[in-house]
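Undergrad: Spelled out, the chains give:
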Amino acid sequence: MGLDIPAGIGKALELILTGDPELYGIVYRSLFFSGVAILLASLWGTPIAMLISLKEFPGKNIVKTFFNSLIGIPTVVLGLVLFLVLSNGGPLGFLGLLYTPGGIIIGEAILVTPIIISIATSAIEAVDPEIMNLAKTLGATESQASIAVLKEAVNGVILSNVASFNRAIAELGVALLVGGNIAGYTDVLTTAISRYTARAEIPYAIALGVLLMVLVFAINLAILLARKTKLLFAIVKPWVERVKK
Amino acid sequence: MHTWQKLLVVAALTTIVVIAGTFAYINYFSKRRIIIATTTSLYDTGLLDKIEADYEANHPVDINIISLGTGATIQVSENGDADVLLVHAPSLEKTFLEEGWGVNRKVMAYNYFTIVGPSNDPAGIRGKTASDALKAIVAYSESLADQSGVTKVWVSRGDNSGTHTKEKSLWSLAGYKYNETAAKPWYASVGSGMGDTLNVASQKNAYTLSDIGTFLKFSTEGSISSVALLTEEQNLLNVYSVMAVKPDVAHANTTYQINYADSMEFIKYLVSAETQQFITSYGEADYGQSLFLGAVQPLKDNAPQPIVDWIRAAAFFDGSECPPQYRSGYPELYS
Numbered sequence: 001m002g003l004d005i006p007a008g009i010g011k012a013l014e015l016i017l018t019g020d021p022e023l024y025g026i027v028y029r030s031l032f033f034s035g036v037a038i039l040l041a042s043l044w045g046t047p048i049a050m051l052i053s054l055k056e057f058p059g060k061n062i063v064k065t066f067f068n069s070l071i072g073i074p075t076v077v078l079g080l081v082l083f084l085v086l087s088n089g090g091p092l093g094f095l096g097l098l099y100t101p102g103g104i105i106i107g108e109a110i111l112v113t114p115i116i117i118s119i120a121t122s123a124i125e126a127v128d129p130e131i132m133n134l135a136k137t138l139g140a141t142e143s144q145a146s147i148a149v150l151k152e153a154v155n156g157v158i159l160s161n162v163a164s165f166n167r168a169i170a171e172l173g174v175a176l177l178v179g180g181n182i183a184g185y186t187d188v189l190t191t192a193i194s195r196y197t198a199r200a201e202i203p204y205a206i207a208l209g210v211l212l213m214v215l216v217f218a219i220n221l222a223i224l225l226a227r228k229t230k231l232l233f234a235i236v237k238p239w240v241e242r243v244k245k
Numbered sequence: 246m247h248t249w250q251k252l253l254v255v256a257a258l259t260t261i262v263v264i265a266g267t268f269a270y271i272n273y274f275s276k277r278r279i280i281i282a283t284t285t286s287l288y289d290t291g292l293l294d295k296i297e298a299d300y301e302a303n304h305p306v307d308i309n310i311i312s313l314g315t316g317a318t319i320q321v322s323e324n325g326d327a328d329v330l331l332v333h334a335p336s337l338e339k340t341f342l343e344e345g346w347g348v349n350r351k352v353m354a355y356n357y358f359t360i361v362g363p364s365n366d367p368a369g370i371r372g373k374t375a376s377d378a379l380k381a382i383v384a385y386s387e388s389l390a391d392q393s394g395v396t397k398v399w400v401s402r403g404d405n406s407g408t409h410t411k412e413k414s415l416w417s418l419a420g421y422k423y424n425e426t427a428a429k430p431w432y433a434s435v436g437s438g439m440g441d442t443l444n445v446a447s448q449k450n451a452y453t454l455s456d457i458g459t460f461l462k463f464s465t466e467g468s469i470s471s472v473a474l475l476t477e478e479q480n481l482l483n484v485y486s487v488m489a490v491k492p493d494v495a496h497a498n499t500t501y502q503i504n505y506a507d508s509m510e511f512i513k514y515l516v517s518a519e520t521q522q523f524i525t526s527y528g529e530a531d532y533g534q535s536l537f538l539g540a541v542q543p544l545k546d547n548a549p550q551p552i553v554d555w556i557r558a559a560a561f562f563d564g565s566e567c568p569p570q571y572r573s574g575y576p577e578l579y580s
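Line by line, the protein sequences are chains A and B.
With our numbering, the residue at position 226 of the first sequence is 226, and numbering never jumps.
Each number in our numbering corresponds to the 1-based position in the second sequence with 245 added.
By construction, these hints were calculated from the structure, which means they are not laboratory data.
Built from N, CA and C at the ideal position, the CB exists for glycine as well.
Treat each hint with caution, since some may be false.
Unchecked claim - With a Cα cut of at most 30 Å, we get these calculated DSSO-like pairs of lysine-lysine: (1) B:K449 to A:K11; (2) B:K251 to A:K136; (3) B:K449 to B:K380; (4) A:K151 to B:K380; (5) B:K413 to B:K339; (6) A:K64 to B:K422; (7) B:K380 to A:K11; (8) B:K251 to A:K55; (9) A:K228 to A:K151; (10) B:K251 to A:K60.
Said to hold, decoys possible - Examples of chain B residues lying across from chain A (beta carbon under 7 Å, computed): (11) L252; (12) V263; (13) N309; (14) K462; (15) E478; (16) L482.
Chain A extracted, bound-state conformation (with noise of 0.2 Å):
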C-alpha cells in the first residue's frame, strides 16, 4: 500500500465539482479574511503613500527605505510578534483577538501594509510633478490637486492592491499562530492544507491547492489581461487619432 496520488487528484476534483461544504467555506474564509485585510491597508496605507510621495520631509529616504524593507517580512515572525502581542497574557490580551477572524484579518492588514505604501509610494512619485501644479494653476484646491495625481497613478495604486492580495491569501505564518487554524472558524487555504496533510486526508489537501492555485493565478491573469488592453490602447490610439485627422 502507498500513497495513491491519482486517487487522492480524483478525489479531489469530485470535492471541488460536488461543492464540498467544508472545502468552500475554507476558500470563502480566505477571501473574506485577505479581502477585509486589504481593505483595512488601503485605508490606512494609501493616505501614507501620499504622505510619503506628495510632502517633503527630513528623513523621507529612510522612511521608504523602511517600509521596502519591511515588504520581506517573514510572514512567521510576524505572527509570532502577534501570537505573544494578542495573547491573553501579553500587553494586547484585553482586545481578546487571538485564535478569531479579526486577530487574521489585522495580522493579514498589518503584514500588506508595506507593499501597500511602497507600491503606491513609487506610483504616485512617478506621476509628472507638473500635474500637481497644472492643477493647482487650474484653479484646483490641494486635495482636488492630490486627487487628480492619484488617479494618474491608479495603476500602481490597484497593482498595490493586487500584491497584497497574493500575499496575504498565499501567507500560512500569520494565520497559523494567531488564527489557531480553528476548523469551520478561523482555518484557511493554507492552514487547512497543512492541517490536512498531517491528518492523512490527502484528497482535502490536494483540492484546496488546487483552489488555492486558481484563484491566484485567476486574479493574476486578470490583471495581466488589463494590461494588456491597456497597452493595445497604447499601440492603437495613435493610430485612431492619425485617421481622425
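Given chain A, work out where chain B should sit, using these hints.
TA: Here is chain B on its own, set in the frame of chain A:
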C-alpha cells in the same frame, strides 16, 4: 483644517467603520465558545471532530479546537488562551496543576505507544520490549558506515509533546542520556505533530515512537509504509487526561474570562458513560481496532487488570487522578 488632516480623518473613520462592520458580521454568527487546546493525536485521528459535532448539536456552544503538542498546549493555557486541555504527559500535567494553572483533572482515555519502522526492520526490533528495541536501534545505527548525518535511523517529534516526553523517558529507561542520544548523527528531530513525524519517518525508512491511534489512521489511509513493531506493555502505556484552566487566578491582568462553566460542562460530557462508550468504539469499523479506550469505567471497576494498575502507576498523583487541592466544585466528577 488642512487637506491632509481631512484626508487622514476620513481614512481613519472609514477604517473604524470597516473594522466595526466586520466584527459585527463575525459576531452575528458566533455563539459562546470554549477553546480546547489538544494534543495532536486526539485531533489528527478525527476523534475530536466527531465529539465536537455531537456536542455542538446538543449545546449552545462553539467548540474551537487548537491542535498542538502537549507542551505547547500547556503553554497556551498558562497564557490564558485556552479553556480546556486534552493532554497525555502526566509529568507535565502534574507541574501544571502544582503551579496553579489548572483544575479538575480527569483521566479520560488510554492506548499504547509503539515504535514504528520500515517493514524489513533493519535493526531487528520486532517483538522486543521498548528498552531492548531502543538498544537494538542504537547498535544498528552505530554500525552504519555512514555517520555523516545523511542517514537517519530515528525520527523524533522534538516538540515537547506528550509523545516526545514519553520518548525521553524511554531513552533513559534503556540506559541512555537523552541529550547525548539526540545529538547523534542518525537522530532527526522534526519539531512537528505526530502526522508530519510519521510522514518523515516513513519517507526516510526510519523508526519513530507513535501513539497507536495516529499510526493506525495513517497506515490505513495508505500515506505511510511503516509498520508497528512493538506490542503492548506497561512502559508503552499512553494515558490521556482532560483539565480545565483555572478561571481568573492566573489571568487577573486581563479582562478575558476563562469560560469555566462551559468548560466543566464539556468535561462532564467527555467522562459520561455515553461519550466514553463512543471513544472506545471510535475507529473499530475503519481501522479494525479501537484507537482509544475510555478510561473512566475501567478505573471505577478496577478492571481489566493489570491495565488499571498501570494507568494508576503512570498517571495518578498521590494516589488520585486529581488530588483534592486541585479540585474546584463538581464533586460528582470524583464520586
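Undergrad: All hints are to be evaluated individually against the structure, with a verdict given for each.
TA: Hints, verified against the model:
no.	hint	in the structure
1	B:K449 to A:K11	holds (27 Å)
2	B:K251 to A:K136	holds (19 Å)
3	B:K449 to B:K380	holds (20 Å)
4	A:K151 to B:K380	violated (73 Å)
5	B:K413 to B:K339	holds (17 Å)
6	A:K64 to B:K422	violated (53 Å)
7	B:K380 to A:K11	violated (43 Å)
8	B:K251 to A:K55	holds (16 Å)
9	A:K228 to A:K151	holds (20 Å)
10	B:K251 to A:K60	holds (22 Å)
11	L252	holds (5 Å)
12	V263	holds (6 Å)
13	N309	holds (4 Å)
14	K462	holds (6 Å)
15	E478	violated (26 Å)
16	L482	violated (24 Å)
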